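2 protein chains.
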Amino acid sequence: MKPFRIAIAGLGTVGAGVVEILQSNADLIQSRTSRKIEIAAICDRDQDSDRGVDLSCYEWAGDAHGLADIGGLDAIVELIGGSQGIAYDLAKAALGKGVSIVTANKALLAHHGFELASLAETNGARIGYEAAVAGGIPIIKALREGLAGNDINCIYGILNGTCNYILTAMRETGADFEDVLKEAQEKGYAEADPTFDVDGIDAAHKLCLLTSLAFGVQPDFKAIETKGIRDITGADIRAAQKFGYKIKLLGIAKRQDGKISQSVEPCLVPADSSLGGVEDSYNAVFVEGDFVEKVLMTGRGAGRKPTASAVVADIIDLAKGLDVPVFGVKTDKLAKPVWADAGQIKSCYYIRAAGDAQITEEMEQVGLGALTDKLDSPYIMRVEDL
Amino acid sequence: MKPFRIAIAGLGTVGAGVVEILQSNADLIQSRTSRKIEIAAICDRDQDSDRGVDLSCYEWAGDAHGLADIGGLDAIVELIGGSQGIAYDLAKAALGKGVSIVTANKALLAHHGFELASLAETNGARIGYEAAVAGGIPIIKALREGLAGNDINCIYGILNGTCNYILTAMRETGADFEDVLKEAQEKGYAEADPTFDVDGIDAAHKLCLLTSLAFGVQPDFKAIETKGIRDITGADIRAAQKFGYKIKLLGIAKRQDGKISQSVEPCLVPADSSLGGVEDSYNAVFVEGDFVEKVLMTGRGAGRKPTASAVVADIIDLAKGLDVPVFGVKTDKLAKPVWADAGQIKSCYYIRAAGDAQITEEMEQVGLGALTDKLDSPYIMRVEDL
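Residue numbers (this note's numbering), protein chains in the order written: chain F, 1 to 386; chain E, 1001 to 1386.
Treat the hints as calculated values from the structure; they're not laboratory data.
Please note that a few of the clues may not be correct.
[To be verified] Coverage of chain E stretches by chain F, computed from C-beta distances (three or more under 8 Å per stretch; other residues unrestricted):
#1 1025 to 1031
#2 1137 to 1148
#3 1287 to 1293
[Unchecked claim] Chain E is faced by these chain F residues, among others (derived, beta-carbon under 8 Å):
#4 G216
#5 D220
#6 E288
#7 G289
Predicted model, so just to flag it, every value in this text is computed and none were measured.
Yeah, the Cβ is synthetic: ideal placement off N, Cα and C, and Gly gets one too.
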């Protein structure tokens, strides 16, 4: 069988990891694919840095825009990132020509997923994005294929490793958010500009894709209520602990009464629950379906090697001819969801006001408002008794 | 597209569950498959019992042996069970005619997996067996596809829900094995003849398939060292707890120095580890790969609905034309493994002798023998610090 020919756009951490895995596990991958994976071209603005892998045997393309014009290409591995600009242009150009895309770019798909999925469908191309959510954990495959017989009720995900690392460190050291963030930045666990991570935007990008897959709806990033972890204090962590809980930044998608709610927010989860046990930079996704009941998948949510593992799984799938719709069903079957009003979600709440913390009975936010109106700048988190 | 036509052989708990999910989620499944799943025939010795699903619209086949002769069949769902007899004959007859098999039958594949995979390959048929290991957890798909870029180092699995339920109950109630077993039998969590479960045979069947997939070797059930949970006392459970451990029946497959070891045995795992947190009848599989690092998947390992979820995932895959070799690589690439001598596995051990328990330093079983030779009927378990 002729080789499966790919081009890699973007040779940062993950791109270099993809080259590394394709080189070091080449024989294994060929025996599992029954086909050779051939890197026809690589592309990055920086052609000089040492990335810990031998790139001398590959052809450099001068410009990512031109990759879609290379003849006989089966897929482009887009690892440039960003929801606009080159990544978006390249994806459109490739899919328009029937060349498949494999990507780790959650922002791109959260914002343009429906358009790109439609383009892929029209042109007989496919989009692999296992690496876009929860790193090495094969959660996209699980939702799109492994649990395909189920009507999914809800998804809870610890989807951002940086936030989970910070929250774990805050609990273990007793330090405040700003101090732990600074330390995480020094260690390379957090970006110099941590906004996307700590404000929940990265987790929301990922949740957006999970929601679409789980419920068969068009991805809609704007419909996600997003709250980050900046306002969590050491006192909150200790109070949660006293009540038997840990604080986790959760992406939550639920269907209730035909409406879907999506939110990313710090929540209290029981310390001894399966999600409560997911610490440091680990990610986890908890899915409940009407037949499978509860499934939890845990693993490394980021990093060169785990993310490369997911990218290569997609490449192997495409090379084997796997044909699954981008969001589980064809785009004309993707419903426009009715979103639930976040205020209508019944939950227990954690309220901190002027240093004093308590957990309420189960109530809607509407009722909660009456309670917190009289308090001095209250801070509120949902309690999720998983 | 024309419907995907299946016959279901065996309408016990799981078979009825498969009919239920195909009925209740029919629209959902059709939109995900882009194709209708049609039950062309059903078969069971008992045609009268009420199984909680409407079977009146299906054609009863008089005899399972005849199912392979039905014209225009795409797959037979074999839920009869057993490594010999009808299940084996039916699988051979179907695959020989190019009709695919979907099965929850771990015993069949543990004993005849290589022969059946070869037969499937020769005749362009496929074998789906997601339901054979860990119930609803999509672990076969994860190993065969989602982690396909990885060289797998080791697998640890809690693969038998009955044993995990018994061990959890022993710890929580302080009762001894025989009493908990009796209660589990009364509640329906354990069979009247519990041998396959409590002696580790069921877990060994499942491990055999995981080992083959993970390491690309021919399944070899006989190469598994199997020890059950009958000899574990309440005192062992309490001693483990004192040392900070829980006792779990683990299926373990590892590759070290080019040799593979496979065993099913009760082990001590840290109480606060991810596997230590898997309780009651839940199953879990922990996989370590060279790129993905650590992945853990947890869920219901048995039962009508979770197992049916896995069966239907396989049916959907086949209906979509998914073509993946049975054990991850073509049969001619499946190596004959070199098995490690169990005595050469370096580990810490738990030793109970005459009522007094201790944990050793890390040592090989060879060295362990010298230590335990002098003891009065010692009971030994491996300590796995995951």
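So, D220/F near chain E? Judge it on the closest CB pair being under 8 Å.
-> Violated - the Cβ of D220/F stays beyond 8 Å from chain E, reaching only about 19 Å at its closest.
When the nearest CB of chain E is found for E288/F, is that gap smaller than 8 Å?
-> violated (10 Å)
Satisfaction of the G216/F interface hint, Cβ to chain E closer than 8 Å = Since the shortest Cβ distance to chain E is 7 Å, the answer is holds.
Interface restraint verdict for G289/F against chain E (beta-carbon cut-off 8 Å) | Since chain E brings a Cβ to about 7 Å from G289/F, closer than 8 Å, the hint holds.
Can you take a look at whether the region 1137 to 1148 of chain E is actually covered by chain F? Rule is 3+ residues, C-beta closer than 8 Å.
-> Since three or more residues must qualify, the claim that chain F covers the region 1137 to 1148 of chain E holds, with 8 doing so at under 8 Å.
Verdict on chain F covering the region 1025 to 1031 of chain E, where coverage means 3 or more residues with a C-beta closer than 8 Å | Satisfied; 4 residues make the cut.
Report holds or violated for chain F covering the region 1287 to 1293 of chain E, Cβ cut-off 8 Å, minimum 3 residues.
-> It holds, with 5 qualifying residues against the three required.
Violated hints, listed in ascending order, are 5, 6; each of the other numbered hints is respected by the structure.
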